[in-house]
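Colleague: Note that the protein sequences, when read in sequence, are chains A and B.
Residue numbering for the first sequence follows the working numbering, beginning at -15 and increasing consecutively.
Residue numbering for the second sequence follows the working numbering, beginning at 44 and increasing consecutively.
Just so you know, these hints were derived from the structure itself, not from any lab.
Where a beta carbon is used, it is the ideal one built from N, C-alpha and C, also for glycine.
Just to be clear, a hint being listed does not mean it is correct.
Only part of the chain A face toward chain B is listed, based on derived beta-carbon distances under 7 Å [what the hints assert, rightly or not]:
(1) L69
(2) S79
(3) S97
Quick list of simulated restraints, FRET-style, between CB atoms [what the hints assert, rightly or not]:
(4) A:Y5 with B:N198: 47 to 57 Å
(5) B:F249 with A:G57: 40 to 50 Å
(6) A:G129 with B:R229: 50 to 60 Å
(7) B:I203 with A:G57: 41 to 51 Å
Far from chain B by the CB rule (all over 10 Å, computed), these chain A residues [unchecked claim]:
(8) I54
(9) Y66
(10) S77
(11) K105
(12) H126
(13) G129
(14) K154
Here's the letter readout for the chains.
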Amino acid sequence: MSNCFEAIVIGASSGGLEAFYKIFSKFHEDFSIPIFLVQHIKEGSDNYYVQHINRASSLDVLEAVDKIKINRGKAYVAPPGYHLLVEDKTSLSLSADPRVNFSRPSIDVLFDSAAHVYKDKVIGVLLTGANSDGALGIKKIHDLGGYTIVQNPETALSSEMPRSALAITKVDEVLELDQIASRLNQLDGGNNVK
Amino acid sequence: MEDEKKDNLALQCLLDIVEKIYGYDFHEYANASLRRRVTGFMLDHKFDTYLQLADRLLYDEGLFEVFLRQMSITVTEMFRDPEFYKSFRENIIPKLKTYPYIKVWHAGCATGEEVFSMAILLHEEGFLDRATIYATDFNQVALECAKTGIYDASNVKQYIENYNKAGGTSGLSEYYTSSYNAVKLRDFLKRRITFANHNLAVDRSFGEMNVILCRNVLIYFNKNLQNQVLKLFRDSLCHKGYLCLGSKETLRFTEVENDFEVVDEKYRIYQRKS
Chain A
-15 MSNCFEAIVI GASSGGLEAF YKIFSKFHED FSIPIFLVQH IKEGSDNYYV
35 QHINRASSLD VLEAVDKIKI NRGKAYVAPP GYHLLVEDKT SLSLSADPRV
85 NFSRPSIDVL FDSAAHVYKD KVIGVLLTGA NSDGALGIKK IHDLGGYTIV
135 QNPETALSSE MPRSALAITK VDEVLELDQI ASRLNQLDGG NNVK
Chain B
44 MEDEKKDNLA LQCLLDIVEK IYGYDFHEYA NASLRRRVTG FMLDHKFDTY
94 LQLADRLLYD EGLFEVFLRQ MSITVTEMFR DPEFYKSFRE NIIPKLKTYP
144 YIKVWHAGCA TGEEVFSMAI LLHEEGFLDR ATIYATDFNQ VALECAKTGI
194 YDASNVKQYI ENYNKAGGTS GLSEYYTSSY NAVKLRDFLK RRITFANHNL
244 AVDRSFGEMN VILCRNVLIY FNKNLQNQVL KLFRDSLCHK GYLCLGSKET
294 LRFTEVENDF EVVDEKYRIY QRKS
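So here's chain B without its partners, still in its complex pose (with noise of 0.2 Å):
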C-alpha cells in the first residue's frame, strides 16, 4: 500500500475514534482545510501521527476539547463584508418589512460577532423587536463567548470601520460600552437572540426561518456534506426565504441551485423559489 493510503487510513481512524466516543462527525470535511487544522495541532501538542493522537483521545476527554476548539477556530468581525450587509439592508429588509414578526437563524455564528452586527442592522431599522434571531454553532466554547458579547478592544477600529462602509446610520460606539481591553455589547441587542447548541453535520432543522446566514462554514464541507446542508436550509426556509453564504461560497453546481433564485450574486444572496 502507498504511504499516502496508509496515512489516509490513519485520520480516517482518527475521525471514527472522534465520532464514536465524542459524537462529533468530522468525515465530511474538506480534506485540505481538515489536514492543515489536525496537523497543526499535532505539532502544537506535540503528536508525531494520526495514531498516537488517536489513542491520546480515546481516554483524554480535557484533551478533546482542546482538539475540538482547534477544529473550530474561524476567525470573524462585525460587519464583515460591509457590502453584504448594505446589500442586506438595501435588498432584503424592505421585503422582511411586509412581515409582522421573522425568524432569522444563523447557522454557524462562532463567536457571535455577525450576529450582533445583524441585531444592530435590525435595530436600525426599527425591526429588532419584531425579530428573534437564533444563533447556533456546534463550539461551545465559541458559543459562550457569543453569549457574553464581550470582544478585543483592539479590532474595534476594523469594526467601526465596517459599520460605516456597511451604511450604518448611527454610530458603533452607541452599542458598547468599553472597559479596559474589551469591549462589552449593549444588552438590549441579545433581548432577541436564542443561542443554542447544533451541529451541522448532524442535527436537523428546528423551524420554519424567514432568513437563514452562514457565511464562511459551508468553506470546511466537502461537496457531501455542502449538499446536505443546503438541503436542510432549504427546507427550514418558508416560501421566499432567504439565505445568506459567505462572499466566496456560491449556489452554483449544487443540488439546490434550482430551488433559489438570486437575489445578489456578488454578496450571495438568494431567495428560496416558492
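Okay, chain A solo, but in the shape it has when bound (with noise of 0.2 Å):
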C-alpha cells in the first residue's frame, strides 16, 4: 500500500469482546498506528472489558478520557456513557450528547468524525453486532476516501451489524475474523515502509 494510514477505528456490538481479543492478540509488536475503539456496552460498567483487551496485546490499550492525546502505538477505547469523537488530528474528545442507534458509545459517532479528520487516512473497520450502528460511518469513511474492512457476516458471532455496512456500502474488503489481524499488521507495515 502506498497510502500512509494516521488511525484505525474499530466497532463492535454483541460478541465483540471474543472478536478484539482475538483481533488485539494477534497485532505485532511494533505496530504503530493509533486505534481508537467502540464496544457497545451497558452505561455504568466498569472498565473489566479494557484491561480484558489490555492483557490480550503487546499494544497499550487504555480507556479515553476527554482530550487525551494520541499516540502511536496505543489503542483508545470509547467509556460507557460517552461517546467518542476524533477532536482533531492530535487529540480525541468525548460527548453526553443523546444515544444514537440506542447506543452510547455509537459507532456511527466515531466513524463519523473519524472520516471528517482523516479523510483518506484512515482504516475503518466494523465487526459483529445484532443492530445496525455503524453502517453509516462506515459509509462515511468509504465516501471520504478512507478503507473499509467488514468482517464476514456468515461467520460472525452476530450478522447483522456486518450485514447492514454491506447493505449500503461496497467495501474494500469482507474479511473472517481470523485474517482481520493480519491485514491490518500489513497495511501497517505499508506504514513504516514510506
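Put the two chains together into one complex, using the hints given.
Modeller: What follows is the structure in C-alpha cells.
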C-alpha cells in the first residue's frame, strides 16, 4: 500500500469482546497506527473489558478521557456512557449527547468524526453486532476515501451489524475474523515502508 | 483553497453571526461535538450548508431558540455515576460539616437532575438547611425545566438504582410524588436552590464557593476554553474548596493542575490548595 494510514477505528456490539480479544492478541509488537475503539456496553460498567483486551495485546490499550492525546502504538477505548470522537489529528474528545442508534458510545459517531478528520488516511473496521450502528459510519469513511473492512457476516457471531454495512456500502474488503489482524498488520507495515 | 478550509470558514461565519446577534459564543467549543450538533440540526431542519443556516439565523429569532436548544442538549440522570456521590458523601461531607454554612455552585446544571441529587444527599446528611446551592446554565429552556423539578417517570427505575448505589440512606420515593407519566420532586428540596442563567463561556464568577460541581460540561469545550473556565472555578473557590468534574474529565495536563490536590482520582474530586 502506498497510502500512509494515520488511524484505525474499530466498532463492535454483541460478540465484540471475543472478537477484539482475538484481533488484539495478533497485532505485531511494534504496531504503530493509533486505534480508536467502540464496543457497545451497558452504561455504568467498569473497565474490565479494557483490561481484558489490554492483557491480550502487545499494544497499550486504555480507556479514553476527554482531550486525551493521540499517540502511536496505543489503542483508545470509548468509556461506557460517552460518545468518543476524533477532535483533530492530535486528540480525542467525549460527548454526553443523546444515544445514537440506541447506543452511547455509538460507532457511527466515532466513524463519522474520524472520516471528517482523517479523510483517506483512516481505516474503518466493523465487526460482529446485532444492530445497525456503524453502517452509516463505514459509508462515510468509504465516501471520504478511507479504507473499509467488514467482518464476514456469515461467520460473525452476530451478523446484523456487518450485514447492514454491506447493504449500503461497497467496502474494500470482507474478511474472516482471523484474517483481520494480519491484514491490519500488513497495512501498518506499509506505513513503515514509507 | 481546499474544500475543508472553505467548510471551516463557513462554519466560523455561522458562529460569528450567532455570537454577534444573539450573544452566544461557540467559537471555543470542541470541534467534533460542535460540528455534529450543528450538522444534526441542519439535517433535521433541511439546511444543506452552514451558510444557508447562517442566512436564516440572521433574521429568524424563533429558529435561533430551537438551534440553541439543540446546541446544549446533554443527557443526565439523578445520581449519575453513583460512586461519585458515594465518594462525596464519605470523603467531602465530613469536612464540609465543620463549616457553619456552605455555598455550592452547580455549573452547567442542564435540566437539574444532579442538582436535586445533591440536595437529597445534603438533606440526608442533615446539612441542607446550612447550604445554598446555585444552579446555573446558559440554556434557559433547560433551566425552566430544572426549576419545575418534574421528570419523566420512565427514568425513575434507573434513578432508584443509582440512588441505592450512591449510598442513599432512605428510599428515593421519599423525595417525589408521582402523577400520570411524571414525577415531581418535593418542594422542600428546592428551598435552598437558586436557579440562575450563567454562561461559562462569557460570564464571570459570582462569589466564594465551598464546592463547585461541573460534570460533563467541559467535554464540550476546547482546551483553551477549558483552561479559562477552570481558572474561573479556581478563583471562585474558597481556600480548600472542592471541585468535582465528570468521571472522564481530568485536571491533568491543564493549566490549573498545580493549584489543586487530588482527593479522589477515580471520581475526579479535587481540592483547591490554600
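Colleague: Compare the structure with each hint and give your call.
Modeller: Structure-based check of each hint:
At about 4 Å, the closest approach between the beta carbon of L69 of chain A and any beta carbon in chain B falls short of 7 Å, and the interface hint on this residue holds. About 4 Å separates the beta-carbon of S79 of chain A from the nearest beta-carbon of chain B, less than 7 Å, and the hint is met. Taking 7 Å as the C-beta contact cut-off toward chain B, the hint placing S97 of chain A at the interface holds, the least distance being around 5 Å. Separation of Y5 of chain A from N198 of chain B is about 34 Å and departs from the stated range, judged on CB atoms against 47 to 57 Å.
For the pair F249 of chain B and G57 of chain A, the beta carbons lie near 46 Å from each other, so the given range of 40 to 50 Å is met. The supplied range of 50 to 60 Å is met by G129 of chain A and R229 of chain B, whose beta-carbon atoms lie about 57 Å from each other. Separated by about 44 Å at the C-beta atoms, I203 of chain B and G57 of chain A satisfy the suggested range of 41 to 51 Å. Chain B leaves I54 of chain A outside its interface by the beta-carbon criterion, the shortest separation being 13 Å against a cut-off of 10 Å.
Remark: the non-interface label on Y66 of chain A conflicts with the geometry, its nearest Cβ contact in chain B lying 6 Å away (cut-off 10 Å). A beta-carbon of chain B is positioned within 10 Å of the beta-carbon of S77 of chain A; the least distance is around 5 Å. Chain B leaves K105 of chain A outside its interface by the beta-carbon criterion, the shortest separation being 13 Å against a cut-off of 10 Å. Under the 10 Å C-beta cut-off, the non-interface status given to H126 of chain A relative to chain B holds; the minimum distance is some 18 Å.
Non-interface status of G129 of chain A relative to chain B is upheld: no Cβ of that chain comes within 10 Å, the nearest being about 12 Å off. The claim that K154 of chain A is not at the interface with chain B holds, since no C-beta of that chain comes within 10 Å of its own (minimum 23 Å).
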